[in-house]
Amino acid sequence: IAGITQAPTSQILAAGRRMTLRCTQDMRHNAMYWYRQDLGLGLRLIHYSNTAGTTGKGEVPDGYSVSRANTDDFPLTLASAVPSQTSVYFCASSEQGDRETQYFGPGTRLLVL
Amino acid sequence: GENVEQHPSTLSVQEGDSAVIKCTYSDSASNYFPWYKQELGKGPQLIIDIRSNVGEKKDQRIAVTLNKTAKHFSLHITETQPEDSAVYFCAASKTDKLIFGTGTRLQVFP
Chain C
7 IAGITQAPTS QILAAGRRMT LRCTQDMRHN AMYWYRQDLG LGLRLIHYSN
57 TAGTTGKGEV PDGYSVSRAN TDDFPLTLAS AVPSQTSVYF CASSEQGDRE
107 TQYFGPGTRL LVL
Chain H
6 GENVEQHPST LSVQEGDSAV IKCTYSDSAS NYFPWYKQEL GKGPQLIIDI
56 RSNVGEKKDQ RIAVTLNKTA KHFSLHITET QPEDSAVYFC AASKTDKLIF
106 GTGTRLQVFP
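Residue numbers (this note's numbering), protein chains in the order written: chain C, 7 to 119; chain H, 6 to 115.
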């Protein structure tokens, strides 16, 4: 069992380009989350999905979009990247019956130039 | 909304000593308080959590205490070891949306 996988591991992206960060979990968790981690700011929630077919906005959603076509996958898209989106991005998931306990992926390190 | 403050931002201890990290939260309705450990280049991993109906919880060398009146909770690591070196995050939640503190970098020197 892999848990949560994220791809790519790291990426350098030119400003203005479109980028999709991939997240897949094999635990059949209903809820999934995207966070960004910046030095001195901890982890901040970007978007979340309580179940397949639904999504919601977190603390810092601007400039990002998500989709949840099925239980396992929760991609995060930057439609037109800007340098302030340089960050480390973590995907997480949790069970329906214990939504507070979140399990994190290994992260994607993104640099926007 | 909820706000979580975490102190200190860095902490250095000698191997075998204890380490304490403190967090305060603003929303009195928060009822779930997890602690995550993040090693270099990895995602955060849950190490211990506590709910608002409990004042203290222990798991081997790790313990968490909660003071609901003062709205603060703390992580205690006893008999620290070099492998405890990492960044530790506290969080608070009243639903399934975790609000994280800004992290504490713990260094344990042999």
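Hints in this document: simulated from the structure, not taken from any laboratory. Predicted model, so just to flag it, every value in this text is computed and none were measured. Note that CB positions come from ideal geometry on N, CA and C, so glycine has one too. Among the hints, a few may not be true.
One-sided and incomplete, this derived list gives chain H residues near chain C with beta-carbon spacing under 7 angstroms [to be verified]:
id, residue
1, A34
2, S35
3, Y37
4, K47
5, F105
6, G106
7, G108
Pulled from the structure, derived: some chain H residues nowhere near chain C, Cβ distances all over 10 angstroms [as the list claims (entries may be wrong)]:
id, residue
8, Q11
9, S17
10, V18
11, S23
12, K27
13, S31
14, E61
15, N72
16, K73
17, E88
Hint-by-hint comparison with the structure:
| no. | hint | result |
| --- | --- | --- |
| 1 | A34 | violated, 14 angstroms |
| 2 | S35 | violated, 11 angstroms |
| 3 | Y37 | holds, 5 angstroms |
| 4 | K47 | holds, 6 angstroms |
| 5 | F105 | holds, 4 angstroms |
| 6 | G106 | holds, 6 angstroms |
| 7 | G108 | holds, 6 angstroms |
| 8 | Q11 | violated, 8 angstroms |
| 9 | S17 | holds, 18 angstroms |
| 10 | V18 | holds, 22 angstroms |
| 11 | S23 | holds, 24 angstroms |
| 12 | K27 | holds, 15 angstroms |
| 13 | S31 | holds, 14 angstroms |
| 14 | E61 | holds, 19 angstroms |
| 15 | N72 | holds, 20 angstroms |
| 16 | K73 | holds, 17 angstroms |
| 17 | E88 | holds, 19 angstroms |
Going down the numbered hints, you'll see the structure goes against 1, 2 and 8, while the others check out.
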